[in-house]
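A.B. asks: Taken in order, these protein sequences are the chains called A and B. Heads up, the first sequence is in the working numbering, so the first residue is 0 and it goes up one at a time. Heads up, the second sequence is in the working numbering, so the first residue is 75 and it goes up one at a time.
By construction, these hints were calculated from the structure, which means they are not laboratory data. Take these hints with a grain of salt, some might be off.
Claimed, not checked - Which residues of chain B face chain A? A partial, calculated answer using Cβ under 8 Å:
{"hint": "1", "residue": "LEU173"}
{"hint": "2", "residue": "LEU175"}
{"hint": "3", "residue": "ALA176"}
Unchecked claim - Pairs of lysine to any residue residues, derived as SDA-like cross-links and limited to a Cα-Cα distance of at most 20 Å, are as follows:
{"hint": "4", "chain 1": "A", "residue 1": "LYS175", "chain 2": "B", "residue 2": "GLY91"}
{"hint": "5", "chain 1": "B", "residue 1": "LYS282", "chain 2": "A", "residue 2": "ALA137"}
{"hint": "6", "chain 1": "B", "residue 1": "LYS335", "chain 2": "B", "residue 2": "LEU316"}
{"hint": "7", "chain 1": "A", "residue 1": "LYS54", "chain 2": "B", "residue 2": "LYS282"}
{"hint": "8", "chain 1": "B", "residue 1": "LYS213", "chain 2": "B", "residue 2": "ARG99"}
{"hint": "9", "chain 1": "A", "residue 1": "LYS158", "chain 2": "B", "residue 2": "LYS335"}
Said to hold, decoys possible - Residues of chain B clear of chain A, computed beta-carbon distances all greater than 12 Å:
{"hint": "10", "residue": "GLU190"}
{"hint": "11", "residue": "GLN195"}
{"hint": "12", "residue": "LYS200"}
{"hint": "13", "residue": "LEU223"}
{"hint": "14", "residue": "ARG277"}
{"hint": "15", "residue": "HIS293"}
C-beta: ideal position from N, C-alpha, C; glycine also.
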Amino acid sequence: MSVETITLLSAVAQGDAVAFEQLYDRYSSTLYALLLRILGNPEDAQEVLQESFVKVWTNATSYDTARGSEAAFLISIARSRGIDRLRSRRIRSDRENDAGREISTVSSFVVKKTGADDAIQSQERKAVRSALTELPEAQRIALELAYFDGLSQSEIAAKLGEPLGTIKTRMQLGMKKLRERLRNFQ
Amino acid sequence: MMTHEEFDSIAALNAVGATTEEEARALDAHVADCADCRRARDEYAEAASMLARDLAPVAPPNDVRERVIDSVNEGETADVIDIGARRMNPWWLATAATLFLALWGWREVGIRVAREHVTNQQSEIKTLNEERALLQQQKEKLSLEMQALGSAGTKTIALSGQQAAPSASARVFLVPEHRRAIVFFSNLPENPKDKSYQLWIIRADQPKPQSAGVFDASHGSATITIENLPVETEIKALAVTLEPRGGVEQPTNTNFVVLGKT
Numbered sequence: 000m001s002v003e004t005i006t007l008l009s010a011v012a013q014g015d016a017v018a019f020e021q022l023y024d025r026y027s028s029t030l031y032a033l034l035l036r037i038l039g040n041p042e043d044a045q046e047v048l049q050e051s052f053v054k055v056w057t058n059a060t061s062y063d064t065a066r067g068s069e070a071a072f073l074i075s076i077a078r079s080r081g082i083d084r085l086r087s088r089r090i091r092s093d094r095e096n097d098a099g100r101e102i103s104t105v106s107s108f109v110v111k112k113t114g115a116d117d118a119i120q121s122q123e124r125k126a127v128r129s130a131l132t133e134l135p136e137a138q139r140i141a142l143e144l145a146y147f148d149g150l151s152q153s154e155i156a157a158k159l160g161e162p163l164g165t166i167k168t169r170m171q172l173g174m175k176k177l178r179e180r181l182r183n184f185q
Numbered sequence: 075m076m077t078h079e080e081f082d083s084i085a086a087l088n089a090v091g092a093t094t095e096e097e098a099r100a101l102d103a104h105v106a107d108c109a110d111c112r113r114a115r116d117e118y119a120e121a122a123s124m125l126a127r128d129l130a131p132v133a134p135p136n137d138v139r140e141r142v143i144d145s146v147n148e149g150e151t152a153d154v155i156d157i158g159a160r161r162m163n164p165w166w167l168a169t170a171a172t173l174f175l176a177l178w179g180w181r182e183v184g185i186r187v188a189r190e191h192v193t194n195q196q197s198e199i200k201t202l203n204e205e206r207a208l209l210q211q212q213k214e215k216l217s218l219e220m221q222a223l224g225s226a227g228t229k230t231i232a233l234s235g236q237q238a239a240p241s242a243s244a245r246v247f248l249v250p251e252h253r254r255a256i257v258f259f260s261n262l263p264e265n266p267k268d269k270s271y272q273l274w275i276i277r278a279d280q281p282k283p284q285s286a287g288v289f290d291a292s293h294g295s296a297t298i299t300i301e302n303l304p305v306e307t308e309i310k311a312l313a314v315t316l317e318p319r320g321g322v323e324q325p326t327n328t329n330f331v332v333l334g335k336t
């Protein structure tokens with residue numbers, strides 16, 4: 000994490016609107032990609048992106064550098080709001096007996112790559128890609144179903160047709176590996 | 075009481091939102107007082123964010139940026155209007171300041187007493203929450219065990235100790251209708267701190283064993299519940315090995331502790 004990044008969020012916490020615009024320019028593409036992946040729908044993703052940034056503006060003072068990076072802080076806010084929206088949409092969908100929609104269709108949204116990749120340094124992205132590539136596919140799938148689709152351990156076990164214990168072990172091992180890799184590249 | 079290793083495992087799952095509410099509450103209560111587990115929780119959360127950072131960025135439409143900036147500016151404008159209104163009424167500010175000074179002494183004493191009270195209450199709430207989460211887990215576990223033992227369709231399978239632990243044994247209560255099995259182990263040697271016991275299912279339709287969970291032996295006994303058991307396929311055997319702490323994807327040895335064919 001750079002000194003500049005810390006200064007930027009500190010400035011936002013003190014009500015600096017210019018710093019907030021810079022924060023938006025730096026992270027909006029990453030958060031929008033995340034919300035598209037979770038919600039699979041540009042309208043919902045844009046609405047939740049707006050809510051997320053307003054939340055960042057009002058909650059910037061709660062950011063603690065000791066707890067993690069600024070990127071993780073913003074991602075956590077966006078993911079949390081995205082999953083809330085996804086779950087409320089599922090409940091609404093169930094109520095309307097809209098059985099045609101499968102959870103998996105959310106994941107099938109095609110995210111197009113753009114040149115606006117200035118939110119994260121290329122070296123960091125390379126390290127992230129390398130860490131995730133090293134994860135066994137089964138571990139990565141289980142983690143993604145939880146992280147992007149908001150599924151519980153039991154739901155993942157049922158979806159993949161595996162015992163709950165297998166899924167739990169798989170996810171724990173996957174997270175331990177990611178944590179270990181993160182330590183190395185920090 | 076859960077161990078630090080168990081909280082570490084919960085923190086790993088919590089980072090991707092895969093914990094139950096009880097587990098999340100127990101973790102929150104624990105990390106408030108445990109710096110190591112707090113650091114583990116934060117590192118797992120940072121690691122989980124890598125899943126998002128791996129996505130190819132997508133620029134949102136420009137009008138979203140305008141809406142976001144407008145939303146924030148509207149909040150600021152409200153503050154400005156508020157401050158302006160107060161400037162129009164200086165007598166109100168003077169009255170407020172006088173009252174404020176008059177009550178200052180009382181406030182200081184009151185705050186000190188209230189802070190002590192809040193600290194005590196928070197500590198008590200934390201302890202009670204931790205106990206509640208633990209009791210809830212125990213209740214759910216006991217309820218499942220009772221259900222398994224009392225169900226008419228329950229089948230039992232005996233597992234016997236192998237060379238690594240000849241006196242160990244286990245009894246499996248299999249409830250096909252709920253795709254669940256509960257395994258009670260006895261006379262298990264204590265596992266070393268850097269190792270865990272891992273239960274494996276050997277299926278007829280799978281070339282490799284599948285992990286059914288990781289556990290520790292306490293005073294020679296342990297209980298593990300297997301959910302979503304693949305009852306539609308033939309389970310050839312159940313086996314336990316001693317593995318690195320936290321478990322592994324595939325067994326690293328064939329030195330079975332207990333083994334049983336179904």
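A.B. asks: Hint by hint, note whether the structure agrees.
C.D. replies: Consistency of the hints with the structure:
1. LEU173: At about 28 Å, which exceeds the 8 Å cut-off, the nearest Cβ of chain A leaves the hint on B:LEU173 violated.
2. LEU175: violated (28 Å)
3. ALA176: violated (31 Å)
4. A:LYS175 x B:GLY91: Distance of about 15 Å is within 20 Å: holds.
5. B:LYS282 x A:ALA137: With a Cα-Cα distance of about 14 Å, the restraint between B:LYS282 and A:ALA137 holds, given a limit of 20 Å.
6. B:LYS335 x B:LEU316: This hinted pair holds, its Cα atoms lying about 19 Å apart.
7. A:LYS54 x B:LYS282: violated (47 Å)
8. B:LYS213 x B:ARG99: holds (16 Å)
9. A:LYS158 x B:LYS335: Violated: A:LYS158 and B:LYS335 sit about 28 Å apart, past 20 Å.
10. GLU190: holds (25 Å)
11. GLN195: holds (22 Å)
12. LYS200: holds (19 Å)
13. LEU223: The claim holds: B:LEU223 sits with its nearest Cβ about 20 Å from chain A, beyond 12 Å.
14. ARG277: With a cut-off of 12 Å, B:ARG277 comes too close to chain A, as the shortest Cβ separation is near 10 Å.
15. HIS293: Given a closest Cβ separation of 23 Å, the condition holds.
The structure fails hints 1, 2, 3, 7, 9 and 14 (numbered hints given earlier, in ascending order).
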